[in-house]
Amino acid sequence: MSIASTGEAAPPRRRWIFIVPIAAFVLIAIGFCLGLTINPQILPSALIDEPAPQFDLPPLPGQQHGFSTADLKGHVSLVNTFASWCAPCRMEHPVLNKLAETKQVPIYGIDYKDQGEAGAKWLETLGNPYTKVGADTGRVGIDWGVYGVPETFVIDRNGRIRYKHVGPLSEADIEQKLLPMIARLKQ
Amino acid sequence: MQRILFQLVVLLVLTLSMSPAHAVRPDEMLADPKLELRAREVGAELRCLVCRNQSIEDSEADLAHDLRVLVRERIATGDTNDQAIAFVHARYGDFVLLRPPFQFDTLLLWGGPLIVLLIGGFAAWRFYRGRAELPGPTPLSAEERRRLDAMLEQGSET
Chain V
99 MSIASTGEAA PPRRRWIFIV PIAAFVLIAI GFCLGLTINP QILPSALIDE
149 PAPQFDLPPL PGQQHGFSTA DLKGHVSLVN TFASWCAPCR MEHPVLNKLA
199 ETKQVPIYGI DYKDQGEAGA KWLETLGNPY TKVGADTGRV GIDWGVYGVP
249 ETFVIDRNGR IRYKHVGPLS EADIEQKLLP MIARLKQ
Chain U
-19 MQRILFQLVV LLVLTLSMSP AHAVRPDEML ADPKLELRAR EVGAELRCLV
31 CRNQSIEDSE ADLAHDLRVL VRERIATGDT NDQAIAFVHA RYGDFVLLRP
81 PFQFDTLLLW GGPLIVLLIG GFAAWRFYRG RAELPGPTPL SAEERRRLDA
131 MLEQGSET
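Top to bottom, those sequences are chains V and U.
Quick note, the first sequence lines up with residues 99 to 285 if you use our numbering.
Quick note, the second sequence lines up with residues -19 to 138 if you use our numbering.
Don't take each hint at face value.
Unchecked claim - With beta-carbon atoms standing in for the labels, derived distance ranges: (1) V/Thr223 to U/Cys31: 27 to 37 Å; (2) V/Thr167 to U/Pro13: 33 to 43 Å; (3) U/Pro115 to V/Phe123: 30 to 40 Å; (4) V/Ile120 to U/Pro13: 52 to 62 Å; (5) V/Ser166 to U/Cys31: 24 to 34 Å; (6) U/Leu(-9) to V/Cys131: 46 to 56 Å.
Unchecked claim - Computed list of chain V residues with no C-beta within reach of chain U, every gap over 10 Å: (7) Leu132; (8) Gly133; (9) Asp147; (10) Pro156; (11) His163; (12) Gly164; (13) Gly172; (14) Ala185; (15) Gln202; (16) Lys219; (17) Asp254; (18) Arg255; (19) Glu269; (20) Gln274; (21) Ala281.
To be verified - Examples of chain U residues lying across from chain V (beta carbon under 8 Å, computed): (22) Leu29; (23) Val30; (24) Leu43; (25) Asp46; (26) Leu47; (27) Leu50; (28) Ala70; (29) Arg71; (30) Tyr72; (31) Gly73; (32) Phe75; (33) Gly110.
Quick caveat, the hints were computed from the structure, so don't treat them as lab data.
Think of the CB as a built atom: it goes at the ideal place given N, C-alpha and C, for glycine as much as any other residue.
Whenever a hint applies, use it, and build me the whole structure from the sequences.
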């Protein structure tokens, strides 16, 4: 009899040994599932709520005005980095043209690492949505934390960066994200 | 045998003397080898944001080239290594650092192994402590011993 009693099921207080690993697995699995919803291509900007960097970009060949930090003071605006060699920018361009037509917000352009007249020709053929455009050799892009064109920044009236969109803007991005944010910043 | 040993030694020396290929172009390099070495140390700490898992020293991406030139400029004008890293960090955020900083939102990253060790240690402690509590075999009673002896005697007779 005394031998049989030692072979019985584990006492209830040791059940946790079986429950804890399953609970840990479930927690970790939930964490990983949430992780899968994060898009690894989009990095958060380190410059959110920081003042826009100091820069003074020369105009594109054949144009009058460049683009500098001073242009951003006093009103809510968008700053868009683009390049003639960038395929997604071509996709985005008509969307920017359409937004510029509504005159809801000035769009400034940073022509990122274009050779010679390529940037100016691009605007001639595809239309120019920009209030002002500057030609950047790459250094100002680094100051803005740009790691791939196109990137678009929302600037508040104090010249601070409030939001960064990585990749081409779609009409939905503008309707759902940018315009509500611009309306809020204008208040 | 000696010959094989010699060949192995040669192979070992050749393997150890190989260094990883750098993407640094000759025209990027600083003239002062000491400064160039420091620039490489800085570059090895910075992630290329285009290819993500290479340092800017190893990457052929255009942005990595621009950042290498930038780092070399900062070093040449008197930045310390930390200042040069901080300059890039301020623009691109924590992700640009290949060595994650120890701060609040990386507590789980750095503390994770310790937490796992503590949980494992606790579980092992519980397991072995529980085991020591198990009763050992109870000694035979006088009656049982008598019967066992009887059986053994019977067995040896047949």
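For each hint, the structure was consulted:
| no. | hint | verdict |
| --- | --- | --- |
| 1 | V/Thr223 to U/Cys31: 27 to 37 Å | holds (32 Å) |
| 2 | V/Thr167 to U/Pro13: 33 to 43 Å | holds (38 Å) |
| 3 | U/Pro115 to V/Phe123: 30 to 40 Å | holds (34 Å) |
| 4 | V/Ile120 to U/Pro13: 52 to 62 Å | holds (58 Å) |
| 5 | V/Ser166 to U/Cys31: 24 to 34 Å | holds (32 Å) |
| 6 | U/Leu(-9) to V/Cys131: 46 to 56 Å | holds (47 Å) |
| 7 | Leu132 | holds (14 Å) |
| 8 | Gly133 | holds (13 Å) |
| 9 | Asp147 | holds (13 Å) |
| 10 | Pro156 | holds (18 Å) |
| 11 | His163 | holds (26 Å) |
| 12 | Gly164 | holds (20 Å) |
| 13 | Gly172 | holds (25 Å) |
| 14 | Ala185 | holds (15 Å) |
| 15 | Gln202 | holds (29 Å) |
| 16 | Lys219 | holds (21 Å) |
| 17 | Asp254 | holds (20 Å) |
| 18 | Arg255 | holds (23 Å) |
| 19 | Glu269 | holds (27 Å) |
| 20 | Gln274 | holds (25 Å) |
| 21 | Ala281 | holds (28 Å) |
| 22 | Leu29 | holds (4 Å) |
| 23 | Val30 | holds (6 Å) |
| 24 | Leu43 | holds (6 Å) |
| 25 | Asp46 | holds (5 Å) |
| 26 | Leu47 | holds (7 Å) |
| 27 | Leu50 | holds (6 Å) |
| 28 | Ala70 | holds (7 Å) |
| 29 | Arg71 | holds (5 Å) |
| 30 | Tyr72 | holds (5 Å) |
| 31 | Gly73 | holds (3 Å) |
| 32 | Phe75 | holds (5 Å) |
| 33 | Gly110 | holds (7 Å) |
In summary, the structure agrees with every hint in the numbered list given earlier.
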